[in-house]
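Peer 1: Given next are the chains, with one letter for each unit.
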Amino acid sequence: MLFILINSLTMAMAVFLVAAGLTLIYGIMRILNFAHGAFFMIGAYLTSTMVGQAAGSVLMLVAAALAAAVLVGILGLAVQRLVLRRVMNADEHYMLIATFAVMLICVGSVKLIWGLDFFSVDPPPALSGGVLLGTVFVPSFSLFVIASGVLVFILLDLLLQRSWSGKMLTAVARDGWMAELMGLNTSAWIMLAIGGSFALAGLAGGLLLPNQTLTPVLGDSFLLLAFVTIVMGGLGSVRGAFIAALVLGLIDGLNMIVMPQFPGVAIYVGMIAFLLLNPNGFLGEGRL
Amino acid sequence: MSRYITYCLVALSGVLLLLLPLLVNPGLVHLAGVTLVMGVFAVAWNLLFGYAGLASFGSGGLFSLGAYVMAISLRAGYEQSFLLLIVLAMVTGGIVAFLVGAVALRRSSGIYLAILTLAMAEVLRQILMRWHWIGAEDGLPNIVRPHFSYGLGLIDLSSGARYHVFLCLACGLLIAAIWWIAHGRFGRTLRAIRLDPERAAFMGVNTYGYKLAAFTLSGVFVAGAGALYAPLAQIVTPDLGNMLRSTQPILFTLLGGASSFWGPLIGGFLFSAIEYGTRTLVGLQEIITGVILLAVVLIFPTGISGAFRKLFASLEQGEPAPARKVEVSDAGRLGKPLTQRV
Chain Z
1402 MLFILINSLT MAMAVFLVAA GLTLIYGIMR ILNFAHGAFF MIGAYLTSTM
1452 VGQAAGSVLM LVAAALAAAV LVGILGLAVQ RLVLRRVMNA DEHYMLIATF
1502 AVMLICVGSV KLIWGLDFFS VDPPPALSGG VLLGTVFVPS FSLFVIASGV
1552 LVFILLDLLL QRSWSGKMLT AVARDGWMAE LMGLNTSAWI MLAIGGSFAL
1602 AGLAGGLLLP NQTLTPVLGD SFLLLAFVTI VMGGLGSVRG AFIAALVLGL
1652 IDGLNMIVMP QFPGVAIYVG MIAFLLLNPN GFLGEGRL
Chain U
665 MSRYITYCLV ALSGVLLLLL PLLVNPGLVH LAGVTLVMGV FAVAWNLLFG
715 YAGLASFGSG GLFSLGAYVM AISLRAGYEQ SFLLLIVLAM VTGGIVAFLV
765 GAVALRRSSG IYLAILTLAM AEVLRQILMR WHWIGAEDGL PNIVRPHFSY
815 GLGLIDLSSG ARYHVFLCLA CGLLIAAIWW IAHGRFGRTL RAIRLDPERA
865 AFMGVNTYGY KLAAFTLSGV FVAGAGALYA PLAQIVTPDL GNMLRSTQPI
915 LFTLLGGASS FWGPLIGGFL FSAIEYGTRT LVGLQEIITG VILLAVVLIF
965 PTGISGAFRK LFASLEQGEP APARKVEVSD AGRLGKPLTQ RV
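Taken in sequence, the protein lines are chains Z and U.
Start counting the first sequence at 1402; every next residue gets the next number (the numbering used here).
Start counting the second sequence at 665; every next residue gets the next number (the numbering used here).
Hints may be right or wrong, so weigh each one.
Stated by the list, open to error - With the Cβ distance kept under 7 Å, some of the chain U side facing chain Z (calculated, not the full set):
#1 L780
#2 V787
#3 I951
Read the hints as simulated data drawn from the structure, not as lab findings.
Even glycine gets a Cβ: it sits at the ideal position worked out from N, Cα and C.
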């Protein structure tokens, strides 16, 4: 029972790590970024190149993930300059297709650079074992993922809700025209948020790296779950995404207990039921 | 004038497709068949998007539903009533689309509708993947191409070329039916709803009813395309309904141009031509496809057919059309008007 709980929490936090950047970019630009999963994957590949077959220590893994986050953030800024800025005022379906095209280019580049082979990276020695919680054996990597998810959420929430720059960002997202009149450099703030959103994707890729097989389709599986999460949480809301990720994780845990022969179905059924009852998500749609 | 050019082009490409088995090798004929089926799929999807303004991301689910209905019945030995099976698959698709639409359209729109339909298709895929009676993850292989007698004589579609001819005729019929629906009173009402739902409702149009009808009809034709696909590929797998399949009609439509009826078909053939041309280049294929898509979105927001229409317009007037201005007003016509945004 506890084991399943830990498992679902791990999954919830993994999904949250991916969804956080997705909801951030939606909050500021109203773009549902199809390429997010691809940048998550690039983050994972970059980290794997940096740490090699097995990460030496936890610190090294985190450092590599942060470096990957910075690199992916810079890539994101390039995407913003070249593509997103131009389709910003067009119909939302065009934004969708533009990000889809960016995703194709990313997947193609990954295939070109790293090839089609499967990679896998072992967790660092400190995380490869487990801890006994009462009578249950808990893999320490799960604890690592849960801790990083919660930490990222707290930092992001503090940054957005409590800090001065978070307030500026909210102002730009709510009414960019007015914010510009007030003397804010809106385009710089938007660049910052977008860079942050892509960096979060890269960070998630790096942190979640050790328990996946790296393939060029890695992005897809997480992207769909992240979409479900941010829609359930209310598009653009980081807190909503956190709550939604937890709920989805628990639903998945229940699924393991009640219907073990159909894993993965309950998440979608739950989300459909939830959306039909409450079409605007947990915390409503908001601009950050 | 441009209408006659369109008719001529359609007739010409139809004849060319029909004669394809005489001209090129079976591999290419198969590819053309797949593209044609996907083109019908995209045209059916565009009935929903281009006319009613609803973006469904779960159409892959309906496609695989049609394919599975056909595959299961063909394997069960109902070859004799092949034509009825297509109708059966279409009816099944229609019923499912009606049920989904009846709930989803009432409660959601825009991105929420997109994600909702995406999730529903994913549920279907997960169930197909785990259901052993229909082959679970391996799908259903060895689907026979039918071989049936109808009053006049025996019809044998077992060879690739014969099935291709049948496929062309069937797809032609489906497309003609969609054309008829889209260009009649029904299609015009849908366009009115897309352009201004409130005003349409004010004029006494039951917008919910019309949207639901469009959703159902689109489901009917998407499932029909799926049903034609099963004997062509001779295998169906749960991956027929994955997210990439659902985004394919969207790509075709936007590449070809959503405001034109023929846009999705043009986009489909262009897309598979690009894919075929770059098939040996691992990785580069996605990059080239992505760059072309980006170029289309950034340079021709109305797709290939929109670019052609602009070209025709400028030829007829004898002066180049004011490119930038037309572009902006076209983009606005496709969806909501361009407003100042962050």
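Peer 1: Broken hints, numbered, in rising order?
Peer 2: Every hint satisfied by this model.
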